[in-house]
Amino acid sequence: MKKKWLLISSFLVMILSGCDNPLLIFDTKGPQAKTISDTIIFSIIVMAVVLFVVYVLFTFMLVKYRASKTDDEYEPPYEEGSKWLEITWITIPVIIVVILSVVTVRSTIDVESTPKAYAHEKPLIVYASSSNWKWHFSYPEEGIETVNYVNIPEDRPIEFKLYSYGPITSLWIPQLAGQKYAMSDMVTTIHLVADTPGSYMGKNSNFSGKDFAHMEFEAQVLTAKDYDEWVQDVKDTAPTLTEEEFTHLLEPGVLGRKTYSSTHLQFSPAPEGEHAGHHHGDDMDMHGEQ
Amino acid sequence: MKWDEFFVTGEPMIYAAMVSIVLVSIAIPVGLTYFKKWGYLWRHWLTTVDHKKIGVMYIIAALLMLFRGGVDALLMRAQTAIPDNGLLDGQHYNEIFTTHGIIMILFMAMPFIIGLMNVVIPLQIGARDVAFPRLNAVSFWLFFFGAMLLNISFVIGGSPDAGWTAYFPLASVEFSPTVGNNYYSLALQIAGIGTLMTGINFLVTILKMRAPGMKLMKMPMFTWSILITSIIIVFAFPVLTVALALMMLDRQFGTQFFAMQNGGMDMLWANLFWVWGHPEVYIVILPAFGIYSEIIATFAKKNLYGYKSMVYSMVAISLLSFLVWVHHFYTMGHGVMVNSVFSITTMAIAIPTGVKIFNWLFTLRKGKISFTTPMLYSLAFIPIFTIGGVTGVMLAMASADYQYHNTMFLVAHFHYVLIPGTVFAVIAGFHYWFPKLFGFKLNERLGKWSFWFIAISFNVTFFPLFILGLNGMTRRMYTYSESTGYGPLNMLSMVGALGLTIGFILLVYNIYWSTRYQPREVTGDPWDARSLEWSTPSPVPEYNFAKVPVIDTLDAFWYSKKEGKPLTDEDDYEPIHMPNNNGQPFIMGVFFFFFGFFMVFSWWIPAIIAGLFILGTMAYRSFEKDHGHYISVGEIERTENALRGEKE
Chain A
1 MKKKWLLISS FLVMILSGCD NPLLIFDTKG PQAKTISDTI IFSIIVMAVV
51 LFVVYVLFTF MLVKYRASKT DDEYEPPYEE GSKWLEITWI TIPVIIVVIL
101 SVVTVRSTID VESTPKAYAH EKPLIVYASS SNWKWHFSYP EEGIETVNYV
151 NIPEDRPIEF KLYSYGPITS LWIPQLAGQK YAMSDMVTTI HLVADTPGSY
201 MGKNSNFSGK DFAHMEFEAQ VLTAKDYDEW VQDVKDTAPT LTEEEFTHLL
251 EPGVLGRKTY SSTHLQFSPA PEGEHAGHHH GDDMDMHGEQ
Chain B
1001 MKWDEFFVTG EPMIYAAMVS IVLVSIAIPV GLTYFKKWGY LWRHWLTTVD
1051 HKKIGVMYII AALLMLFRGG VDALLMRAQT AIPDNGLLDG QHYNEIFTTH
1101 GIIMILFMAM PFIIGLMNVV IPLQIGARDV AFPRLNAVSF WLFFFGAMLL
1151 NISFVIGGSP DAGWTAYFPL ASVEFSPTVG NNYYSLALQI AGIGTLMTGI
1201 NFLVTILKMR APGMKLMKMP MFTWSILITS IIIVFAFPVL TVALALMMLD
1251 RQFGTQFFAM QNGGMDMLWA NLFWVWGHPE VYIVILPAFG IYSEIIATFA
1301 KKNLYGYKSM VYSMVAISLL SFLVWVHHFY TMGHGVMVNS VFSITTMAIA
1351 IPTGVKIFNW LFTLRKGKIS FTTPMLYSLA FIPIFTIGGV TGVMLAMASA
1401 DYQYHNTMFL VAHFHYVLIP GTVFAVIAGF HYWFPKLFGF KLNERLGKWS
1451 FWFIAISFNV TFFPLFILGL NGMTRRMYTY SESTGYGPLN MLSMVGALGL
1501 TIGFILLVYN IYWSTRYQPR EVTGDPWDAR SLEWSTPSPV PEYNFAKVPV
1551 IDTLDAFWYS KKEGKPLTDE DDYEPIHMPN NNGQPFIMGV FFFFFGFFMV
1601 FSWWIPAIIA GLFILGTMAY RSFEKDHGHY ISVGEIERTE NALRGEKE
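Taken in order, these protein sequences are the chains called A and B. Quick note on the working numbering: the first sequence kicks off at 1 and runs consecutively. Quick note on the working numbering: the second sequence kicks off at 1001 and runs consecutively.
Hint data in this document are derived by calculation from the structure and do not stem from the laboratory. Mixed in with the good hints there might be a few duds.
Listed next, with one range per pair, are the computed distances between beta-carbon atoms [unchecked claim]:
#1 Val-102(A) with Val-1550(B): 27 to 33 Å
#2 Lys-69(A) with Arg-1445(B): 19 to 25 Å
#3 Met-1018(B) with Asn-21(A): 44 to 50 Å
#4 Val-1024(B) with Val-102(A): 55 to 61 Å
#5 Val-102(A) with Phe-1371(B): 38 to 44 Å
Below, a sample of chain B positions facing chain A; criterion: calculated Cβ distance under 7 Å [said to hold, decoys possible]:
#6 Lys-1036
#7 Leu-1088
#8 Gly-1090
#9 Asn-1339
#10 Gly-1354
#11 Leu-1364
Even for Gly, the Cβ is constructed at its ideal location relative to N, Cα and C.
Chain B with its partners taken away, still in its complex shape:
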């Protein structure tokens, strides 16, 4: 292989990316050495098994990926803002919309949600960590190195270019001969295994580690949403694992599963992809529903209306999510019967979703609504997401879909679902739980400015796409001629995209500003909230709860505040058993990264060696005796007095 096949060449943007990657990879070790932070980084972050720190690392990675995916989006909007634009060529545009999709779904939305659930779930159920803390660290590092592997494809070897759906035969070696789609099959595989383990971990955590008295129907709604999400993950992700393995075999080992000849079926890939892909949509939307339920109840100062039907509707959505995948390709020629069945199952999802919308609205009724930043995002979600929902029903109608399919109408629809659904939710959750993690709130004034920029610009960016779609503009076109008349609305959309950029920059500036100037918060419960995580001091000590709370109702913390009765009995502290930090998950992630990288280029010998190292870490773990450690009563008393001292 020649060096110019290894490195991507010929575009100023690529060279700029290479320079910045080199600069960052020099700056990080130099900075760490200069500030003598190597030990701190290793001891407190890279080896941590603390769910809160793992959650923070997920969120940081997700924010970085948000900006990577956001730059992709800006480039796409800039390229299509005017007809016959020459900013990007076809190949480059194809790579950018492909990575935009992969990164935003798998390396932004997913880790942001997994980050929040890592931070919140054990606190919300009164546990001291997740069920398998070491496995949790493995999950994170597999996700992280999977994401890094995909990101280096931009400068080394070339990015995947067959869309985030990677339909065969387009994604086969014949039509996509670069290593780009090898990155796809391997990076997603590595990150996907991490996600699968997260699903198992949280399923067990929620089922087995709840505080005494917290029956299933007394769990906070966010915990419920994560329980159901974990079940969907456990059922859906193995399909992705298999599909990606078959893809790798087809591309690199000469099998013919999805090939055009020898009985291969391109349609099989589309089916496998969406059997995973549609539940994946609900994996990122159900936790969002959970987050909104927490925030709306908190800031309406009211219990969640229709708790039971909220739970049942999520269960219904999770079941239906596995029965609708064909609506992604009504146009494949299945005939009336199949298309009708899937139209009806798809429209049926609107019913439980509607139940949730109305229950949120009635939670607001007779409430006392305060418009904080997290609440603004949660409220804006309702009208904007409903547009996404009703256009979803329109798309579900098979005959009509023959005209919407592959158009900008579809693009507008799923952005109207995923941005007010998932992105607003994770930003709202980020603002809401930020003080729990760091001991101070994000600035409200800056938060509201960035909210208004994001909410208004979102509509300016994506509403025009509905009209463009109905006017026949298809997605994934890198250019169009002036005679189509698509120019003005695309320009409007570009203006909106710039507004979104300003909103997200304000959000990051807010983190910086608040870290420096925001007053420290000492109560542990800055929002006067309802669930258990707020009963802990902020920032939360390593062991979460000095004493495990005893629960008798939903919103037990709220009632303990109102009625002045403590959540724990008065006995003295006991030593707390905690897991030890460990470097193996990180090291294993590094081995996975090299294994994936060598596999991408079909360098078999190094790949086998890296694979053996991975097996080696597993074998080492099997023979290791690690019983964790105890935190002594004295230390607990010192920590608690330091954190809660001012109050008593």
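So here's chain A without its partners, still in its complex pose:
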């Protein structure tokens, strides 16, 4: 069992020390990812304690009660069980589960809404839709659209509105926030804020067919000034997105980056409100945002 202990302790040290090259989901660049990272580290510590107790007991039993150590005459006693021991190993896990439940509910509320520090700011809404095997990002406010990359301003709340033109996909930018499904018949929402400019890996994490492995995109966080410049530049130079062009984009395949100075939302609206798959009307927003 020594080998396993080494692995586990080195694993913990690697994460907790935050060494030069931390694992992606602990290398956070925004409050939402940070909340989850803290939750995960907390749960790892609690679970490490549980593992420790089990391993100590296990090692003790195996060392002490092996047949080769007892004499031949030894006859193990009959043991019914113990009420107090049973109560102990029910009560302690119940307490652990209660603690973890509180942490879970609170952190889930946090990541499912705009981070408190940014609550006063108006969020930037970006519609992110998937088709085989690419991502389309529409900025209704700015009236621009990109394919397979997304630029967002730092320190401003972002709401990704997700849906799909095909199989269920899952939009995931591990360093900024947890993932969520994009589906054809309803819109889901990811709330996030990025607090450090830089280029981050984004991908579809839900298997969606042949070229699923290539459904990666770059999420670039820009300073507010750079972001405004980029938007202006797109408006000035990029072509408009016609319905014909969009239909062409939806055809299955792998594409490079594209940039347009209009969005597909006018002629192909997202499945929300009256366009939702099941005509739930206004209730539809409830699903995405509790």
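Since the structure of chain A is provided, determine the placement of chain B on it from the hints.
Relative to the frame of chain A, chain B by itself:
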């Protein structure tokens, strides 16, 4: 349809598979003819209704499927061992991980467990067969032909390629136009009906056929685990039946249950699948808990600690297993309320599971532990499975799951649960009950070698996946670029997979070696064990018990050995009523196979004809008068004297 759409073409591996399938299908009849074994095969195996032989056939099929699914796993590990690898293309990789999942869960874990429960349960409760022996044979042949139907998809028509979860709309005709997912809906349907009947059969067997005096709370723990498992099967499998039927209607008859348009709901499929799928996890894990309870008590030479709480904790787990399915898709956007409720129910499962772990540990306390092969697997289960358990609690936390979902962390977690849980258990059970079936033990030295290979390599294979997951590697990716840095740990995992392969090859070699050289075992009780199956001679005669034992306590056989009092009263033998062998279940299975195959290709006329044949066999059965036969007292005496003669 053109022939190159019918047969899968264009890959050397596929041609190799075709050649081997043709060779095997020629070799089997030629071999049978040469050794004049046709009659033997038909009379003793294909028509048998004996639970022990049906169990053996389940186990053989499960071992074959273990190697089929294992080759899939090796190919996946080989493909991802180095970045940008070109061994498999995307489509082929997708088919392989899909069939790996289906085969390992439904055609390896399930039949291995059902095989062991077939062999052991009637013996453990002092019965002479299951409640419905003929139905039991039908169950087996439906499973068997369902499994065969899925396996031929590899060379004929193409395998399912939408993951073992077959999420819609990916699994719809629009995005998965080959017949692969038709195989999925039909092969699983046929095998699933077989499993459902097994559940009913064992539920009735355990409730109605226990030896006199064996109250519910005096049943061995394995029997308890199978009773609860049977109840879960009876509640969960109808959901699968309905879901698969809707899937078939959507794919082949133009309905829109899970479609993207016309009010179809892709989310409905995910819910139906996991309403069955999560209890399914417990269908394969609870019997494993039962097996470990038997083995740990036997080799600690102690009664099972906390018997009652072991039973209650299994009941609690079975109830909770139906209340957690949403944790498979927290990321579907249900909102905080729903996700919180399912997080809490999921974490709650850790409590009864923890109770079991501690009770096993305290069974060891003050014991006299001997490290036999089955015991080694059972002991290794505790520390390794606990890693699977605690990572399960971590995954249960909805917010955290947004980062784990669909990553290798999840893949590592469920392999850490299913391999030390189910696979170690069935291997342990296989070694443990092998002498009961065949009259000799498997070689301990080879057994221990293969154990150490499997246990160490398992960790080398799957522990790196936890780290890869936390580093953002998603599952089901057929390739990745070097810049991701996922290469080295994937290579390490490949090395582990090779070690696992060696371990499993040693296991099979052990069966061969032991069959040839292992000394015969005459006591019937080679492990000095505790439950009733060990009171019978090995191998067990057709009728199991010449006289039905009378039970007054748990571990009655153990006390009868200690106190020297017999389990049966001294009267003479009486004739024993046994069911007759019958070929109908096998024939019905063949008809189901053809029905399924024709349905896969939407060849309606042949499918209808095959369907009529199935109905025909049922009608025939309804009008048949088969009252079984009696084994005479003289024959029982001859058998018993031959089997037990040396002792007296």
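Hints versus structure:
1. Val-102(A) with Val-1550(B): 27 to 33 Å: violated (54 Å)
2. Lys-69(A) with Arg-1445(B): 19 to 25 Å: holds (22 Å)
3. Met-1018(B) with Asn-21(A): 44 to 50 Å: holds (47 Å)
4. Val-1024(B) with Val-102(A): 55 to 61 Å: Because 58 Å falls inside the window, the suggested range holds.
5. Val-102(A) with Phe-1371(B): 38 to 44 Å: Cβ of Val-102(A) to Cβ of Phe-1371(B): about 43 Å, so the range 38 to 44 Å holds.
6. Lys-1036: Interface hint status for Lys-1036(B): violated (49 Å vs cutoff 7 Å).
7. Leu-1088: violated (12 Å)
8. Gly-1090: Holds: closest Cβ of chain A sits about 5 Å from Gly-1090(B), inside 7 Å.
9. Asn-1339: Hint on Asn-1339(B): holds, closest Cβ of chain A at ~6 Å, below 7 Å.
10. Gly-1354: holds (5 Å)
11. Leu-1364: Nearest chain A Cβ about 4 Å off; hint holds.
Hint compliance for this structure: hints 1, 6 and 7 are not met, and every other hint is.
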